[in-house]
Structure formats: structure tokens, C-alpha cells
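2 protein chains.
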Amino acid sequence: MDVSIGELIEFKKLKELKERAVEMNVIDLAEEFEKLTQAQRAVLFRSLSKDSAAEVFVYLPPETQENLIGILTDPELSHIINDMFLDDAVDLIEEMPANIVKRVLKNASEDTRKQINQMLQYHEDSAGSIMTTEYVDLKEEMTVEEAFARIRRVGMDKETIYTCYVVDSKRVLDGVVTVRTLLLANASDKVGDIMNTNLIYAATGDDREAVAEIFQKYDLIALPVVDTERHLVGIITVDDVMEVLEEENTEDFYKMAAIEPSDAPYMSSGVLELAKKRFFWLMVLMISAMFTGTIITRFENILAIFPALIAAIPMLMDTGGNAGSQSSTLIIRSMAVGELGISDCFRILWKEIRVSAVVGSALGSFNVIYRWFLSGSLRLALTVGVSLFVTVMLAQTLGSMLPLLAKALKFDPALMAAPIVTTLVDASGLIVYFYAAGVLMNM
Amino acid sequence: MDVSIGELIEFKKLKELKERAVEMNVIDLAEEFEKLTQAQRAVLFRSLSKDSAAEVFVYLPPETQENLIGILTDPELSHIINDMFLDDAVDLIEEMPANIVKRVLKNASEDTRKQINQMLQYHEDSAGSIMTTEYVDLKEEMTVEEAFARIRRVGMDKETIYTCYVVDSKRVLDGVVTVRTLLLANASDKVGDIMNTNLIYAATGDDREAVAEIFQKYDLIALPVVDTERHLVGIITVDDVMEVLEEENTEDFYKMAAIEPSDAPYMSSGVLELAKKRFFWLMVLMISAMFTGTIITRFENILAIFPALIAAIPMLMDTGGNAGSQSSTLIIRSMAVGELGISDCFRILWKEIRVSAVVGSALGSFNVIYRWFLSGSLRLALTVGVSLFVTVMLAQTLGSMLPLLAKALKFDPALMAAPIVTTLVDASGLIVYFYAAGVLMNM
Numbered sequence: 001m002d003v004s005i006g007e008l009i010e011f012k013k014l015k016e017l018k019e020r021a022v023e024m025n026v027i028d029l030a031e032e033f034e035k036l037t038q039a040q041r042a043v044l045f046r047s048l049s050k051d052s053a054a055e056v057f058v059y060l061p062p063e064t065q066e067n068l069i070g071i072l073t074d075p076e077l078s079h080i081i082n083d084m085f086l087d088d089a090v091d092l093i094e095e096m097p098a099n100i101v102k103r104v105l106k107n108a109s110e111d112t113r114k115q116i117n118q119m120l121q122y123h124e125d126s127a128g129s130i131m132t133t134e135y136v137d138l139k140e141e142m143t144v145e146e147a148f149a150r151i152r153r154v155g156m157d158k159e160t161i162y163t164c165y166v167v168d169s170k171r172v173l174d175g176v177v178t179v180r181t182l183l184l185a186n187a188s189d190k191v192g193d194i195m196n197t198n199l200i201y202a203a204t205g206d207d208r209e210a211v212a213e214i215f216q217k218y219d220l221i222a223l224p225v226v227d228t229e230r231h232l233v234g235i236i237t238v239d240d241v242m243e244v245l246e247e248e249n250t251e252d253f254y255k256m257a258a259i260e261p262s263d264a265p266y267m268s269s270g271v272l273e274l275a276k277k278r279f280f281w282l283m284v285l286m287i288s289a290m291f292t293g294t295i296i297t298r299f300e301n302i303l304a305i306f307p308a309l310i311a312a313i314p315m316l317m318d319t320g321g322n323a324g325s326q327s328s329t330l331i332i333r334s335m336a337v338g339e340l341g342i343s344d345c346f347r348i349l350w351k352e353i354r355v356s357a358v359v360g361s362a363l364g365s366f367n368v369i370y371r372w373f374l375s376g377s378l379r380l381a382l383t384v385g386v387s388l389f390v391t392v393m394l395a396q397t398l399g400s401m402l403p404l405l406a407k408a409l410k411f412d413p414a415l416m417a418a419p420i421v422t423t424l425v426d427a428s429g430l431i432v433y434f435y436a437a438g439v440l441m442n443m
Numbered sequence: 001m002d003v004s005i006g007e008l009i010e011f012k013k014l015k016e017l018k019e020r021a022v023e024m025n026v027i028d029l030a031e032e033f034e035k036l037t038q039a040q041r042a043v044l045f046r047s048l049s050k051d052s053a054a055e056v057f058v059y060l061p062p063e064t065q066e067n068l069i070g071i072l073t074d075p076e077l078s079h080i081i082n083d084m085f086l087d088d089a090v091d092l093i094e095e096m097p098a099n100i101v102k103r104v105l106k107n108a109s110e111d112t113r114k115q116i117n118q119m120l121q122y123h124e125d126s127a128g129s130i131m132t133t134e135y136v137d138l139k140e141e142m143t144v145e146e147a148f149a150r151i152r153r154v155g156m157d158k159e160t161i162y163t164c165y166v167v168d169s170k171r172v173l174d175g176v177v178t179v180r181t182l183l184l185a186n187a188s189d190k191v192g193d194i195m196n197t198n199l200i201y202a203a204t205g206d207d208r209e210a211v212a213e214i215f216q217k218y219d220l221i222a223l224p225v226v227d228t229e230r231h232l233v234g235i236i237t238v239d240d241v242m243e244v245l246e247e248e249n250t251e252d253f254y255k256m257a258a259i260e261p262s263d264a265p266y267m268s269s270g271v272l273e274l275a276k277k278r279f280f281w282l283m284v285l286m287i288s289a290m291f292t293g294t295i296i297t298r299f300e301n302i303l304a305i306f307p308a309l310i311a312a313i314p315m316l317m318d319t320g321g322n323a324g325s326q327s328s329t330l331i332i333r334s335m336a337v338g339e340l341g342i343s344d345c346f347r348i349l350w351k352e353i354r355v356s357a358v359v360g361s362a363l364g365s366f367n368v369i370y371r372w373f374l375s376g377s378l379r380l381a382l383t384v385g386v387s388l389f390v391t392v393m394l395a396q397t398l399g400s401m402l403p404l405l406a407k408a409l410k411f412d413p414a415l416m417a418a419p420i421v422t423t424l425v426d427a428s429g430l431i432v433y434f435y436a437a438g439v440l441m442n443m
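Protein chains in written order, with my numbering: chain E, 1 to 443; chain X, 1 to 443.
Check the hints yourself; a few may be wrong.
[Claimed, not checked] Derived coverage of chain X by chain E (criterion: at least 3 residues anywhere in the stretch with Cβ under 8 Å from a Cβ of chain E; other residues may be distant):
#, region
1, 22-32
2, 110-116
3, 177-183
4, 248-260
5, 282-293
6, 352-359
None of these hints come from the bench; they were simulated from the model.
For each residue, glycine too, the CB sits at the ideal point set by N, CA and C.
When you get a sec, could you build the whole thing from the sequences and use the hints?
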């Protein structure tokens with residue numbers, strides 16, 4: 001590898017620096033900023049071409065953006081803001097502290113500022129919040145040739161040009177036409193005759209997760225967003241949807257592990273902030289586990305007579321918890337990808353009963369044989385084996401039904417599914433265990 | 001809503017059926033098949049236009065595809081296979097039983113059959129397995145006008161035309177050019193002069209997860225795939241990458257819940273098949289939990305003297321398990337999205353020590369106060385509180401370090417992270433508890 005960008009800056013080889021910057025992908029270029037000092041960043045940023053400066057800026061992490069904004073002059077900042085795609089500008093505004101936001105908005109053009117303010121009103125999780133208002137619009141009465149002329153004229157600044165949106169004089173969405181269709185049509189064909197009127201669109205208030213599902217179902221690259229009167233207000237592109245999918249998956253992972261979801265990266269989150277996100281649900285679950293403890297206390301007399309019973313408690317609790325989270329994870333994930341729904345409730349229950357019976361009897365039998373061999377007491381072995389069988393069946397049927405119940409009650413199925421199932425199964429598993437002991441050991 | 005497709009078929013209104021089919025989106029049309037009987041499916045499928053038949057077929061679930069192949073004549077089947085995108089044909093082959101595969105390949109054209117066989121040789125998780133060999137290729141010496149002529153001529157059958165690939169006479173990839181660039185260039189410009197030579201590509205053997213990361217990093221719509229000599233062999237499109245991402249996320253969910261990952265949908269998997277996927281890891285974890293049980297047995301004399309100690313065991317075990325899976329989930333997910341890596345090991349450890357100290361002391365203090373108030377024994381309360389504090393600290397530092405260790409040893413960090421952490425924390429937490437009891441209760 002030749003000299004690094006940092007070295008080019010240090011040795012003031014500005015011409016070579018510019019050439020290098022032109023050759024590089026904007027995303028790789030953005031990564032280079034992380035290796036530089038504050039002063040070096042300013043040099044590199046100013047050596048970028050006007051066209052790529054805004055693009056590189058968008059890919060910088062928030063701290064570096066804040067850092068750079070502090071260095072840039074008002075005209076430089078103004079150029080960047082007005083050159084950014086609107087959805088990226090909105091993201092920037094949402095991430096910067098108030099004093100920076102003020103400076104950014106002051107340097108945005110009247111028009112950009114108005115559009116940013118409008119976008120900021122959409123709810124964080126809505127289609128409106130991830131759309132861009134920059135797209136190519138066409139009219140039905142245009143010819144293919146006129147359409148291409150318009151694409152050439154306005155397309156440079158648009159996030160995608162490959163799907164164009166056909167609107168009437170009131171901006172009501174009438175159809176879409178792809179550049180592919182336009183390329184394969186005759187120059188004199190009317191847009192209105194070749195456009196696709198079988199429209200797939202989202203409303204500004206739609207949940208962004210639902211939007212991601214539409215993209216996946218129909219293999220889309222872009223989706224129009226309309227208001228309540230079907231006026232076209234923006235489009236959503238596939239790259240933003242991939243980000244949404246990643247964030248939603250992260251949220252689901254966190255919820256299932258009983259952590260409050262957060263957009264903030266791990267390393268830039270403070271210790272107290274991270275602690276707070278973990279504390280609440282741990283506390284809730286701890287209190288419910290304390291009740292499980294009182295179950296043991298109630299059966300102390302049995303434990304006093306048969307202390308050997310205690311040794312199997314961790315195994316029963318852990319296996320019950322693991323078995324339950326297997327089922328709840330399967331069902332939650334199948335619901336998240338649209339494979340299962342509430343209406344499948346009884347088919348799932350019937351399947352889980354059979355699957356858990358197989359798993360439970362295999363694990364239970366192993367325990368009976370192993371413990372009989374080890375302790376010589378068939379009664380003790382049977383108590384553990386039968387309890388494990390019942391616990392696994394309870395765990396997996398409960399584990400599969402709870403996410404469905406949560407969904408039916410409009411709660412989030414992923415929210416702490418595994419820990420809740422564990423707590424429920426612990427309690428019921430222990431009760432089964434002590435009753436089984438009472439019956440089997442005293443026979 | 002007007003009459004259903006089923007009714008149109010029943011009343012033999014074939015003309016209206018055809019009109020309806022033309023209006024509908026192919027994916028919605030594919031969903032309609034699920035509502036029909038076998039005989040009705042054949043009628044609907046034959047009423048589709050030649051162009052859309054193959055497209056609709058691709059979106060049918062495997063059982064329906066198998067079902068339809070059984071009904072179709074050889075010429076009908078042949079038309080569909082040769083009309084499908086190659087990657088879809090390969091997916092079909094991989095999902096059908098042997099006798100169907102034989103009939104499908106028999107009816108494919110010589111050329112298609114050869115290409116399918118070649119594609120089948122790529123490893124399931126490789127870039128080669130998700131690429132398509134249908135793309136638009138251009139030459140450097142073509143003019144923009146000639147390029148458009150070629151796109152118009154060959155583009156109809158290609159999965160994407162918006163990115164074109166520039167190859168030399170030996171099919172070595174020299175550059176890419178987008179339709180956007182072509183549209184904004186002059187008709188007489190040479191492709192070689194306007195193409196982007198800053199190439200981003202994958203090799204056939206690259207892991208498909210790595211490919212998905214490239215797509216996310218560079219916001220791509222398509223990515224070229226080359227062999228070891230940089231010959232262009234295919235392209236990967238964003239819709240296939242979204243599927244990969246979904247599958248990889250599902251796999252991670254399953255692994256973290258200690259289920260063997262599977263592509264098969266829940267409902268179409270047999271009971272024994274599902275049981276098998278759950279049994280193995282439950283068994284492994286159960287055996288390790290049995291060792292935890294022997295720890296309790298070793299401390300039976302303390303429990304005999306202070307039976308009140310037993311009641312806190314479930315709370316200690318559950319809270320330790322939950323605390324550990326919070327940390328392991330955070331780290332696993334941050335690694336999966338590329339936010340953290342092994343090199344961050346010490347910074348993570350330092351952060352987790354502080355976060356878990358905060359969380360542990362909050363939960364521990366609550367326990368001391370609550371149990372002191374409840375039992376009147378400060379010693380018992382302190383034993384539980386101190387043990388909980390140590391357990392939470394152990395759980396979260398272990399929980400954060402284990403995924404990193406797994407990654408460093410080239411194991412999968414997501415594999416059963418939560419259950420393994422639970423088992424380790426259970427054992428160490430109980431040992432701490434009994435030693436604390438030995439010291440504090442006998443003071």
C-alpha cells in the first residue's frame with residue numbers, strides 16, 4: 001500500500017490528496033476520517049470535490065459530524081446541508097445537540113428548512129420518518145422521450161431515478177413507471193399508456209416495520225408514500241429499509257433478553273445509561289423469582305425429610321427455562337417473518353404438545369435411568385424424571401402460547417419472552433416436583 | 001369486493017379470469033393459489049399469460065410448486081423452467097424431491113441445464129449460491145448509444161438492468177456503469193470513459209453473510225461476483241440479500257435459544273424433526289446443570305443448619321441467568337452488525353465491570369433491605385445481597401467475554417450463548433452463595 005491519507009496531509013501533498021479522494025468510494029473515504037486528528041479532518045474535508053463533500057459527510061459518525069460542523073464556515077455548511085438528501089439531513093438534525101441544530105437550520109435554504117421541519121413531524125417509527133421527498137415525478141400525458149428529458153434534467157439530485165412516479169395536476173399518485181419500461185417502449189408512447197396502475201404504496205403514518213414487510217414481499221427497490229388523499233409526498237428506498245430491518249432485529253434481540261432497546265451504540269453509551277437499560281427488567285424478574293423461592297419454603301418439610309431432592313432443582317429449573325425459550329423463540333421469530341399468526345394458535349398448540357412430549361420423555365427417561373443407577377432409589381429417580389417430563393411439556397406449550405397471547409392483547413410478543421417463560425415455568429415446575437415427591441416418595 | 005377468483009373458475013368465466021390475472025400483482029396472484037383446490041389451480045395457472053406464468057410460479061410455496069409440476073405437460077413445464085431466472089430455477093431444484101428434479105431437468109433446455117448444474121456446485125452459504133448469471137454486459141469501446149441499444153435488446157430477460165458490467169474480451173470485469181450515468185452522458189461518449197473502475201465485488205466462494213455486509217455498507221442494489229481471475233460469473237441483487245439477512249437473523253435467534261437452525265418452516269416440519277432440533281442442546285445443557293446440582297449436594301450441611309438459605313436459590317439462579325444473557329446478547333448483536341470486534345475486548349470488559357457493579361449493587365441492596373425487614377436476620381440478608389452482587393458481576397462480565405472468546409476461537413458467538421452463560425453463572429453463583437453463607441452466617 002502506498003502512503004496513507006494522513007501522511008499526504010502531513011506532507012502537505014494536497015494535489016495528490018485530491019486525486020486520491022476522487023478515486024475512492026465515499027464510504028471508504030468516510031472511514032478514513034476516523035483515523036485523523038481534528039485538524040487533519042478539516043484539511044481532508046476541504047480537499048473533497050463539492051459534489052462528494054455532502055455525500056461523505058452523511059457517512060461520518062455523529063461525533064465526527066459534530067466535530068466538523070464546528071470547524072466549517074457558514075457558506076461551507078450551507079452548501080453541504082442543501083446538497084444532502086432530505087432524509088439524511090433530517091437524520092442529522094435528530095442526532096445533533098441543540099446548538100448545532102440551530103446553526104445547521106440557519107444555514108439551510110428557506111426551502112430545505114421548510115421541508116426538514118415538515119419531516120420532523122412524522123413519528124419516529126413511521127413511514128414518513130424514513131422517506132425522502134426527492135424523486136422523479138412524471139405526467140400521464142408526457143411521451144417517453146419527454147420523460148427521459150425530465151429524468152435527465154432533474155434526476156441528478158434524486159436518490160433513485162429507476163422508478164418514476166406519475167401524478168396528476170393535484171399531485172395524486174396515478175401510476176408508476178420504471179426506467180426499464182421506458183427503455184423498452186417507443187419514444188412516442190405516452191407515459192399514461194405504459195405506466196403500472198396496480199399501485200403498491202404506504203401512508204405516511206404506517207409503521208416502518210410494515211413498510212419493510214411490503215419491500216420484502218414484493219421485492220421492491222422503492223415505494224411511494226402518500227397522504228390520506230393519495231397525494232404523493234415522498235418515496236422510501238431499499239437502503240433505508242435494510243437499515244430499518246437491522247434496527248428492528250436488534251430491538252427484538254434486546255427485548256427477548258429483557259434489555260430496554262436503544263439506538264445508541266454500545267461504546268458511546270455511558271455506564272449509568274447502560275445500567276439503567278438493564279436494571280428495570282432485571283428487578284421485575286427478580287421479584288417474580290422471589291415468589292418462586294417462597295414455593296420452596298412452603299415445601300421445606302419434604303426437603304427436610306428427603307434432602308436428596310434439592311440436588312435436582314437447578315437441573316429442573318434450567319432445563320425448563322431452556323425448553324421454554326426454545327419454543328417462544330421459534331414462535332416469536334415465525335411471527336416476525338410473517339410465517340405464523342394468531343389464527344394458527346390451535347395448530348401450534350397441538351404441535352407443541354406432541355413435540356414437547358417427545359423431548360420431555362427422552363430427557364425424563366435419561367434422568368430416571370441415570371439417577372436410579374446413581375442413587376439406587378427408583379422412587380427418587382421417578383420423581384425427578386416425571387417432574388422433568390411435565391416441566392418440559394409445560395415450558396414448551398406455555399412458551400409457544402405466551403407470544404401468541406401477547407400479540408392478541410396487542411403487546412409486543414418479543415418483550416422479555418424468555419425470562420417471563422422461565423419465571424412461570426420455574427414456579428410451576430417446582431410445584432409439580434414437590435407434589436410428585438409427596439406422592440412418589442411416600443408410597 | 002367483487003367475485004373471488006375461485007368463483008370465476010367455478011362459473012367457468014375464463015375471460016374475466018384472464019383479465020383479473022393481468023391486473024393483479026404476480027405476488028398477490030401467487031397467494032390466490034393457496035385458496036384453491038388442485039383442479040382450480042391448474043385452471044388459474046393455464047389462464048396466466050406466458051410472460052407471467054414463470055414469475056407467479058416462483059412465488060408459490062414448494063408444496064404448491066410440486067403439486068403444479070405434477071399437473072403440467074412437458075412443454076408447459078419446459079417453458080416455465082427456461083423462462084425463470086436462473087437463481088430461482090436453482091432454488092426450485094434444491095427444494096423438490098428427486099423424481100420432480102429429474103422431470104424438471106429433462107424439460108430444461110441444454111443451456112439452462114448446464115448452467116443449473118454449474119450453480120448447484122457452489123456451497124450453500126456462498127456468494128455463488130445466491131447469484132444469478134443473467135446480467136447486462138457491455139464493452140469499453142461501446143458508445144452510450146450502443147450501450148442503450150444492447151440494454152434494450154437483452155435487458156428484458158435480466159434481473160436488473162440498472163447496473164451494467166463492463167468486461168474485456170476474456171470476460172474480466174473492468175468496470176461498472178449505471179443506467180443513471182448512461183442517461184446523463186452524451187450519446188457518443190465511450191462506456192470506457194464514463195464507467196466506474198473503483199470496483200466493489202465478491203468472489204464466488206465468499207460467505208453470503210459477508211456479501212450482505214458489503215451491500216449494507218455501500219448501499220448497493222447489485223454486486224458483481226467474480227472468479228479467482230476476476231472473470232465476471234454473475235451478479236447478486238438486493239432482494240436476494242434481504243432474504244439472506246432475514247435467514248441469518250433467524251439463525252442467530254435460534255442459536256441463541258439453543259435450537260439447531262433450520263430453513264424449514266415451522267408448520268411443515270414434522271414432530272420428530274422439530275423434537276430432534278431441540279433435544280441435543282437441551283440434553284447437553286441438562287447434563288451441565290446436573291453438575292450444578294452436585295454443588296448444592298456438597299453444601300448440604302449448611303442448608304441443613306440454615307434451611308432459610310434455600311428460598312433465595314431460584315432468585316439467585318434466575319437473576320444471574322438473566323443478567324448474563326443481557327450482556328451476551330448486547331455483545332453478540334453488536335458484533336453481528338459490525339459495531340464491536342475482538343479488539344474491543346478490554347474496553348468492553350472495563351465497561352461491563354462498571355455497569356454490572358452498578359446493576360449488581362442496586363439489586364443487591366434491594367435484597368438486603370427487603371430480606372432484613374422480612375426475616376429480621378441481617379446476616380441472612382447480607383449473605384443473599386452480597387451473593388447477588390457478585391453473581392450479577394460474574395454474569396455480566398462472563399456474558400460479555402464469552403462471545404468474544406468464541407469469536408477468537410473461530411466458534412460461532414451466537415451459539416447457545418445465553419444457556420451456556422446461565423449454566424456457568426449458576427454454578428459459580430451457588431458456590432459464592434454457600435461460601436458467603438459459611439462466612440457470614442457463622443460469624
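Okay, the hints, checked on the actual structure:
1. 22-32: holds (count 4)
2. 110-116: violated (count 0)
3. 177-183: Held - the region 177-183 of chain X has 3 residues with a Cβ nearer than 8 Å to chain E, which meets the minimum of three.
4. 248-260: holds (count 9)
5. 282-293: Since 8 is at least three, the answer is holds.
6. 352-359: Result for this restraint: holds, n = 4.
In this structure, only the earlier hint numbered 2 is contradicted, and the remaining ones agree with it.
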